[in-house]
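Working from the sequences, and respecting the hints, build out all of it.
Listed here are the chains, written in short residue letters.
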Amino acid sequence: MSKKVEFRLSGAGGQGLILAGIILAEAALRDNKNAVQTQSYGPEARGGASKSEVIISDDDINYPKVRESDVLLALTQAACDKYMQNLKENGILIVDENVEVKDRDNIKIYRYPILRTASEIIGNKMVSNIVALGVIQGVTNIVSTDSLREAILERVPRGTEELNKKAFEEGFKLANN
Amino acid sequence: MSKKVEFRLSGAGGQGLILAGIILAEAALRDNKNAVQTQSYGPEARGGASKSEVIISDDDINYPKVRESDVLLALTQAACDKYMQNLKENGILIVDENVEVKDRDNIKIYRYPILRTASEIIGNKMVSNIVALGVIQGVTNIVSTDSLREAILERVPRGTEELNKKAFEEGFKLANN
Amino acid sequence: MPTSITNKELIIKKDWCKGCGICVEFCPKKVLALKDGKVEIINLDACIKCGLCELRCPDYAIFLRGEI
Amino acid sequence: MPTSITNKELIIKKDWCKGCGICVEFCPKKVLALKDGKVEIINLDACIKCGLCELRCPDYAIFLRGEI
Amino acid sequence: MDKKVKLMQGNEACVEGAIAAGMRFFAGYPITPSTEIAEISAQKLPRVGGKFIQMEDEIASMAAIIGASLTGLKSMTATSGPGFSLKQENIGYASIAEVPCVIVNVQRGGPSTGLPTSPAQGDVMQARWGTHGDHPIIALTPSSVRETFDLTIRSFNLSEKYRVPVILLLDEVIAHMREKIEIPNEDDIEIINREKPENDIGEYRPYETKGERLVPPMASYGEGYRFHVTGLIHDETGFPSNSPIVAEKLIKRLIDKIEVNKEDIISFEEYNLDDAEIAIVAFGSTARSAKSAIDMARDMGIKAGLFRPITIWPIADEEIDELSKKVKTIIVVEMNLGQYVYEVERIAGKNCNVIGFGRANGELITPDEILDKIKEV
Amino acid sequence: MDKKVKLMQGNEACVEGAIAAGMRFFAGYPITPSTEIAEISAQKLPRVGGKFIQMEDEIASMAAIIGASLTGLKSMTATSGPGFSLKQENIGYASIAEVPCVIVNVQRGGPSTGLPTSPAQGDVMQARWGTHGDHPIIALTPSSVRETFDLTIRSFNLSEKYRVPVILLLDEVIAHMREKIEIPNEDDIEIINREKPENDIGEYRPYETKGERLVPPMASYGEGYRFHVTGLIHDETGFPSNSPIVAEKLIKRLIDKIEVNKEDIISFEEYNLDDAEIAIVAFGSTARSAKSAIDMARDMGIKAGLFRPITIWPIADEEIDELSKKVKTIIVVEMNLGQYVYEVERIAGKNCNVIGFGRANGELITPDEILDKIKEV
Amino acid sequence: MVSGLIEKYFRYNRLPHIWCPGCGHGIILRSIVKAIDELGYNKDEICVVSGIGCSSRAPGYLDFNTLHTTHGRALAFATGIKMANPNLKVIVITGDGDCAAIGGNHLIHAARRNIDITTIVFNNNIYGMTGGQYSPTTPKGEKGTTAPYGNIDKNFDLCELAKAAGATYVGRATAYHAKLITELVKSGIQNKGFSFIETVSVCPTYYGRKNKKGDAVNMMKFLKDNAINIKAAKSSDAERLNGKFLIGEFYKSIEPEYTDEYNKIINIFQKER
Amino acid sequence: MVSGLIEKYFRYNRLPHIWCPGCGHGIILRSIVKAIDELGYNKDEICVVSGIGCSSRAPGYLDFNTLHTTHGRALAFATGIKMANPNLKVIVITGDGDCAAIGGNHLIHAARRNIDITTIVFNNNIYGMTGGQYSPTTPKGEKGTTAPYGNIDKNFDLCELAKAAGATYVGRATAYHAKLITELVKSGIQNKGFSFIETVSVCPTYYGRKNKKGDAVNMMKFLKDNAINIKAAKSSDAERLNGKFLIGEFYKSIEPEYTDEYNKIINIFQKER
Ligand SMILES: Cc1ncc(C[n+]2csc(CCOP(=O)(O)OP(=O)(O)O)c2C)c(N)n1
Ligand SMILES: Cc1ncc(C[n+]2csc(CCOP(=O)(O)OP(=O)(O)O)c2C)c(N)n1
Ligand code: SF4
Ligand code: SF4
Ligand code: SF4
Ligand code: SF4
Ligand code: SF4
Ligand code: SF4
Ligand SMILES: [Mg+2]
Ligand SMILES: [Mg+2]
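Note that the protein sequences, when read in sequence, are chains A, B, C, D, E, F, G and H. If you use full-length UniProt numbering, the first sequence corresponds to residues 1 to 177, in order. If you use full-length UniProt numbering, the second sequence corresponds to residues 1 to 177, in order. If you use full-length UniProt numbering, the third sequence corresponds to residues 1 to 68, in order. If you use full-length UniProt numbering, the fourth sequence corresponds to residues 1 to 68, in order. If you use full-length UniProt numbering, the fifth sequence corresponds to residues 1 to 377, in order. If you use full-length UniProt numbering, the sixth sequence corresponds to residues 1 to 377, in order. If you use full-length UniProt numbering, the seventh sequence corresponds to residues 1 to 273, in order. If you use full-length UniProt numbering, the eighth sequence corresponds to residues 1 to 273, in order.
Hints were generated in silico from the structure; no laboratory data involved. Hints may contain errors.
In silico DMTMM-like cross-links for lysine to aspartate or glutamate, where the CA-CA straight-line distance does not exceed 20 Å [claimed, not checked]:
| # | chain 1 | residue 1 | chain 2 | residue 2 |
| --- | --- | --- | --- | --- |
| 1 | B | 65 | E | 295 |
| 2 | F | 4 | F | 186 |
| 3 | E | 350 | E | 277 |
| 4 | F | 350 | E | 319 |
Remember, predicted model here, so these are calculated numbers, not experimental data.
Here you go:
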């Protein structure tokens, strides 16, 4: 992968994608890289953002927004439909198994049961975002996996460490199987 | 007198000098002249102004304030002391009998019992301003006396016309005696 | 009037339902349930057409048609 | 204490007096009067040093000195 | 004396003008030196079937006139510095929602409570930039009592025509001086009213403009058009939108409706400029001093002239540019420590020398002071 | 990863900077996109013995920080467009009464409620001219999270040093983005505190300046100096005066204390300007896009560079003037429809071509757009 | 297909609304519209005005004359509207923050004037729109994002405040007691003067989550269990009332209305002419 | 020579004050200072804050820590001061316009928080400083320069309003009842919480003249004749009370004070450290 990788994590509000973006960025920092995380809001501040963007780079990052992403995570159909057109040529698309991907050339598509893994295997749909992180790491290997593990543990609410650890590993496994 | 005459009517708040200025200006308008009346205020709008200025001219009047006056009316000592220095060379100073005029060259001084006339002869110190107008007219003949009479009648509160008429005539008499 | 009751029809507008569960909880006859985050009628026969679901649905997604 | 009363002195600060007449009106002993727009003592002997004039003078122009 | 010739105060002329223009609602909160405008409105409005209300503060006053204007009444408020600052948020609302209304600001000494009874011209830039965000604004500034009457009418006319808040910037001198005024006959006064929709009720889109016109027709509440008004970015239907395209279109139209119509909006006076080598730019009461100074300078053989912006915003950029090509020096005289001069410098600075001359001590700048400045050059 | 290296949001860095600078009082009223500043202050202040209060509105918040500052605490408030408009009256009060305080304005789309969650740079002129009357103001604007930390500290320092309200102009992008920041050690942070009086209590004249210094020493309420503070024009004792001489002296000193110390106050960044033929002037988040664009332009062989005002008010007039003599064209890029460009044009217009490039649709201007503009020239 | 009420009075092409799942605001809004329907007013004579907040988004969904103003100022805008056209039935929809924080002054002054405006507060005890800061009605000790250690502010009793300020009709209901809302709003609109109706709403997203009040259903149950109608309260013993709050019609009086009084002044001069 | 009280507490070189002859404000101010004197506070611990208006000029004459703010905002500035230094006794002097018109919101919120500030309103039922416009306390039917045909606004009962908003000490006196002012102010300052004291003043220049109330003496007599102490009122028959107004101590309660509550939060963390 090139020096600068741009991620767009998309889905419905409440799926914790902002947190996922933050963790990804923090993992990059642990690897001594630069990272910028941004997001978009609904009307006023209310309602969860449905989009979180992360740029990871060895260099300084000036323009902080993602125009065309290298990697797109889409947990819902709506998100996929909306953002797929802004995925780069040869970009990576990671979607939940529920999402149907319309035809597009020159992209790599990865489809996993992210939401189901969270709700059925981990037993808590709140951790879909961490499962997704596992998948992303499995697919892209963008940061060192240990950094990402540490970053997750540092950010998740106290008492949920084990749950989230498991979520990450399950996601990671999905992509590595 | 020159085409443009500048008056400064000064005294204590409540002596009705703003009204006197307005009436003088309105009389000038009746004579088809131009006139501008201004005044100064204390802190915020409260408290009566202690100074009213009128410029009467055949021409347009641009700068509306009076710097050096042609005529200064001073009903109190404080007012006289404060404004006398801004009376023009050969200017006219009209003061109440209670006011002592400090030495100044090249001015004409007229001293009349304005306040006493109002309180004792007319029996109402509220009309000192109109007595003063009578005096001013008597001394300067700046407007036509009939215009001034009309202007007074138009401005004073209903029911006080006679009183004010008398006040004017008494003032006028003072100056013409 | 008993006729009025039977005249009314219980309608669900699924695309407006946000799945809050309020109608389910306060239906006196347990007519409703949530499934996949949306309301569903599970026991229409029990429905007494009281309109309490309509009254309290924040999203106007359930109502009785044919009110008189 | 009778001495305290006699110890007090009724003072007028004329340059502060605005001649409102409040002290005159509410003096219980008619000690005061207005003259030329300022307060004046017209009957000091009647003064009982009650301090009501001081209490209500809006301009602090009349007061009792030697309060204990 | 003709019945129509009167000695009148600037503030009174403002109310007379407003009523002549059709003002039927005034909401205000007293503040020196604008208070007479409220007082005279309170007295006169019910006599013409109009309404006056003293609100709890300036924010509420500004809100109330917007509400009344949306309900069909021509509306005005009047204030001074501190109140003008408080009104800014809702002035922005009137801009984005395109609600015609007139805001009079009688300038006094600032900043803050400052010198409440003294004149100043310190709110010139605030009139342009006082509210947040890009927004259109028109501001007019009279130099005489008669002009106060005329410009109050013009404020209403421009406001109705372009659906913008119009600011009438007086200063304490003009507001409180009394001078001769001849009130024109009703027939001689041009009155412009907001354009009303011709659509069928179902078809009315409150922010839709047709053809070249940049100003949408305006219905009133209660007339049958049940439209929505918001201070959010909105599309032609009046409902909020987060679309960048909609946002860009709206904001650009708001700015353009003034920009494109500058010729109609901008007015100014030229005095002795024909052969002038030195031009004074001055407005409001200061322009009166400047005129006297110019007369004095001419008497001394100095070729001085006056450019007096009557429309102070938008600025007469083309005219000032022209002027700067003809004269050697422009002196901007204002009762502040330098505001309009920045704009004049921007426009004229590449062509001629631009100098600012200001003072903010509560006293009207005198002709002598200006003359001295002219002589200096 | 070093403990001090963190991923942090701009708004959080602002609070961290404020607390590092010594902020011990925050009063605010929530408004997107500034709310996190209030929220984090509420959380952090009591931990350092400081105090947070959520007031009933923005006017009260501004008032409360002035009161607290007069009582000795370094104080801050944070808001966004609509709230910034409401604070204007009391910002003027802080100016005239010379009360140090910091006002953060996280800019969002305007005018009015506008686009509450979208970025903009539409309050640039308002920051300078938003309150009535002539008044001094300092405004700083950061381009990164780390700079937000630094400039918040600098805002407090300048505010304390010059006894002026300092405005920290963020934009939504900087406020909400998270990036890497390395918090410096406490010892490496320069902190400036207001000068305290050395007089005996009886002799203290709260607005008296000594010698060359234009900033009077400042006592706090409760310390024994029983001084008076007012928003009226006042003399050196702090009591109101109607004297034109006093007024002139005060207002001039207020303006001069900034004007004379411009060199100390103004800061800016230059990027690739040495040989530049085209200079971009941009600030805040827009400057980041500009940098990318310049890199792209350089790659194409176009000699472009960036002048980034960090102190946005007072404007770096001398530096911009210098710059305009070196380059052919200056492009002012800002997320509005033209504000700072007016000032740049004023200063640079006589020496080079000045072009404005702005957009106000709620989206950050992209490097490509700027590059296109560069290529156009 | 939508219900008759919604179809008749809502701009239903703008639905579903932006409110969160389980937000009480939607329930209250429907109950208000029901009142208007029952009173039989023409849609053109109704004008609904709001400020800024989740609650204040309500007018945008209604097919009346509608106005979404600046934060806190709805009543001041509404005053201008009512003065300009006293025939309009003016209804203000506002939030606890909008009405009682930044807008508190306009509330007490509109109440004082007894101007014929019906004000309905959607009181969710929090600033919803900006993400959960405490409001002037957040109970002491509860949390908000700006009260991380518990709110130390005493909360307003809005009904008491409105009454003390001069309102001539005052009542309270809750999102659970939807029919009561309709009753109170009907009486409020019919009252010729300033009517103030507090409707206790639920904000599961912020107030609920921050304060562990459970989901929307739990919050609705709380309202059901803890509100006592003032009529019932009168015959209840103190123990049953302990910790509960009152709902119902609290106050009602007949006093001169503001626009009526103003018209009397105008009439003096109309007779003169 | 000046009286001991004036000498000790006033900046007497700034006297005579700007108030008109017979203005009640001077009487009230002296009574306040008397209260401070009787309580024996050090001058350094007193901070007096005002807004804008005739009444708000008061602090400039007092030798304490003094602050003359913007119109209506005194309580908001005072809140910052009190928060910054809870040891200061903070007193706000304000007018009926300053406090109840433009400043109404800050009044109700300061009262709600029960922050330890003693607010004293100089209520002359008019805007004095700007020349006689009606205020929110001008009685209905009376005239002001902006109510040339008689005021149609209902007036606030400020004490009721303050109480409903949350004040924990409320009372009223008049310029005539100067000793009562001193008593109320003493109790108000001693109350740890928000105290509200309305002092009915007289403005002969505007209110008196506009409404033909006679001169200052007449207006003072009116106060004397028409105010009834609440204690006396309790034992009076309705007839005697007819048309009269009440003075005295109206309300008193002990509740947690705002800065105290905040300090508790700080203390949690100080213990942690
Ligand atoms: C002048 C101004 N200040 C602050 C805001 C930000 N703001 C928008 S809504 C809101 C609070 C809304 O709370 P509430 O009125 O209770 O409505 P809710 O969202 O809870 O229904 C705030 C503070 C604003 N839009 N304008
Ligand atoms: C923002 C603002 N609005 C208006 C004013 C003008 N103003 C000054 S004092 C005042 C009213 C004063 O009335 P009140 O508070 O009753 O005091 P009084 O003079 O009667 O003692 C007004 C409206 C101002 N200074 N600032
Ligand atoms: S109408 Fe009544 S019984 Fe039927 S589903 Fe609705 S709530 Fe249940
Ligand atoms: S109340 Fe309405 S939104 Fe909630 S579950 Fe039932 S139908 Fe769906
Ligand atoms: S002390 Fe009492 S008796 Fe003596 S003058 Fe004063 S009021 Fe009258
Ligand atoms: S009360 Fe005071 S000001 Fe009034 S007359 Fe008596 S001494 Fe003079
Ligand atoms: S944030 Fe709260 S009040 Fe706002 S829509 Fe969501 S639940 Fe309702
Ligand atoms: S105007 Fe009225 S309130 Fe003001 S000083 Fe004069 S009498 Fe007192
Ligand atoms: Mg709320
Ligand atoms: Mg008053």
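Comparing the hints with the structure gives:
1. B:65 to E:295: 17 Å, holds
2. F:4 to F:186: Given pair residue 4 of chain F, residue 186 of chain F holds - Cα atoms ~11 Å apart, limit 20 Å.
3. E:350 to E:277: Given that 20 Å is the threshold and the Cα spacing comes to 16 Å, the pair holds.
4. F:350 to E:319: 18 Å, holds
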